[in-house]
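K.L.:
Under the working numbering, residues 9 to 125 are what the sequence shown spells out, in order.
Keep in mind that the hints were calculated from the coordinates and are not lab data. Predicted, not measured: the structure shown is a model, and the values here were computed from it. Where hints are given, some of them may not hold.
Stated by the list, open to error - Here are the computed distance ranges between Cβ atoms for each label pair:
#1 70 x 120: 43 to 51 Å
#2 33 x 12: 16 to 24 Å
#3 42 x 119: 29 to 37 Å
#4 107 x 78: 51 to 59 Å
#5 117 x 91: 54 to 62 Å
#6 14 x 70: 41 to 49 Å
#7 59 x 119: 29 to 37 Å
#8 70 x 33: 13 to 21 Å
#9 77 x 122: 56 to 64 Å
#10 117 x 55: 22 to 30 Å
#11 26 x 65: 28 to 36 Å
#12 12 x 111: 17 to 25 Å
#13 62 x 119: 18 to 26 Å
#14 70 x 38: 44 to 52 Å
Heads up, the beta-carbon is just placed ideally off N, CA and C, and yes, glycines get one too.
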Amino acid sequence: MIVCAVNYCIIYRYILERRRRAFAVMRICGCTRGRAMCMYMIEMMIISIVTLISSIVIFNRALYPKLVCTFEYMEYYFEKDTYWTISMAYMIVLICAYVILAARYVKNTPVKLIKEV
Numbered sequence: 009m010i011v012c013a014v015n016y017c018i019i020y021r022y023i024l025e026r027r028r029r030a031f032a033v034m035r036i037c038g039c040t041r042g043r044a045m046c047m048y049m050i051e052m053m054i055i056s057i058v059t060l061i062s063s064i065v066i067f068n069r070a071l072y073p074k075l076v077c078t079f080e081y082m083e084y085y086f087e088k089d090t091y092w093t094i095s096m097a098y099m100i101v102l103i104c105a106y107v108i109l110a111a112r113y114v115k116n117t118p119v120k121l122i123k124e125v
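Take these sequences, add in the hints, and give me the full structure.
P.N.:
Structure follows, in structure tokens:
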């Protein structure tokens, strides 16, 4: 979970770096820090949820049938509760990482954001 969250943060940090100028213009036009933080968090969470759902579907359709043949107790342990627990742990780690990442970019002033580009 931690490695996955770090991977997403590295990817999204690059996206935020590329958007510094657009963010500075939004801030000059009246976008508050809270609104910008909310906008970034919603965007990151949508991407994360879509990725989580697609990876669960791929696992269940492609990998799970082949793994059940090899590992005899896998059907017993991989139930809906297991998926729910893994998904919630994944989302909690990502939310913590995303809050730290987005807060780092939102705290800068528009002038500082434009100078750093």
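K.L.:
Would you pick out the hints that fail for this structure and give their numbers low to high?
P.N.:
2, 3, 4, 5, 6, 8 and 13
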